[in-house]
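**Student:** Protein chains in written order, with this note's numbering: chain A, 174 to 249; chain B, 174 to 249.
In short, the hints are calculated from the structure, not lab data. Computed from a prediction, not measured in an experiment: that's the story for all the values here. Hints may contain errors.
Which copy is meant is left open, because identical chains are indistinguishable; a pair holds if it fits in one copy or across any two.
Claimed, not checked - Calculated pairs, DMTMM-like style, for lysine to aspartate or glutamate (alpha carbon to alpha carbon, straight line, at most 25 Å):
#1 Lys175 <-> Glu192
#2 Lys175 <-> Asp188
#3 Lys183 <-> Glu247
#4 Lys213 <-> Asp188
#5 Lys175 <-> Asp218
#6 Lys213 <-> Glu233
#7 Lys213 <-> Asp226
#8 Lys213 <-> Glu225
Residues per chain are reported as follows:
2 protein chains.
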Amino acid sequence: MKANVHVMLKDGVLDPQGEAIRHALGSMGHTGVNGVRQGKVIALDLADGTSEDQIRAMCEGLLANTVIESYRIEVL
Amino acid sequence: MKANVHVMLKDGVLDPQGEAIRHALGSMGHTGVNGVRQGKVIALDLADGTSEDQIRAMCEGLLANTVIESYRIEVL
Numbered sequence: 174m175k176a177n178v179h180v181m182l183k184d185g186v187l188d189p190q191g192e193a194i195r196h197a198l199g200s201m202g203h204t205g206v207n208g209v210r211q212g213k214v215i216a217l218d219l220a221d222g223t224s225e226d227q228i229r230a231m232c233e234g235l236l237a238n239t240v241i242e243s244y245r246i247e248v249l
Numbered sequence: 174m175k176a177n178v179h180v181m182l183k184d185g186v187l188d189p190q191g192e193a194i195r196h197a198l199g200s201m202g203h204t205g206v207n208g209v210r211q212g213k214v215i216a217l218d219l220a221d222g223t224s225e226d227q228i229r230a231m232c233e234g235l236l237a238n239t240v241i242e243s244y245r246i247e248v249l
């Protein structure tokens, strides 16, 4: 089975990488970019029958820093 | 309007970061993780009426390195 974990910085946490992208897009002439946030997507190829609880344990333990990041699990 | 751009390394391109995650998950006792690939998700807050062609131009010009990365645009 496959699952994707999307990890984004929580609202209110400064995202300098996203700001840099926004600035660069503006410099390239792309107007109308009001905001950019960058996150991670981690594509997992898992043994069949892996429970969502197990994936959540991976997120809490390693994949996301839950102090500043939120995550979303998408089982495909 | 909001759009997400998902950027992943193409198949066959070595992903050391994904490998490191796979190894770390194994060390933590999470068995059954057969493969991990890490990618980026870029959340764009755009002016209303921005066309998908314009977003594609941002991807080709800055957000993705199309030699080794593929991207997917998701308009929300």
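**Student:** Each hint needs a verdict: does it hold in this structure or not?
**Tutor:** Cross-check of the supplied hints:
no.	hint	verdict
1	Lys175 <-> Glu192	between (32 Å within a copy, 16 Å between copies)
2	Lys175 <-> Asp188	between (29 Å within a copy, 17 Å between copies)
3	Lys183 <-> Glu247	both (18 Å within a copy, 20 Å between copies)
4	Lys213 <-> Asp188	both (13 Å within a copy, 14 Å between copies)
5	Lys175 <-> Asp218	within (5 Å within a copy, 29 Å between copies)
6	Lys213 <-> Glu233	both (15 Å within a copy, 19 Å between copies)
7	Lys213 <-> Asp226	both (20 Å within a copy, 24 Å between copies)
8	Lys213 <-> Glu225	both (19 Å within a copy, 22 Å between copies)
Hint compliance for this structure: every hint is met.
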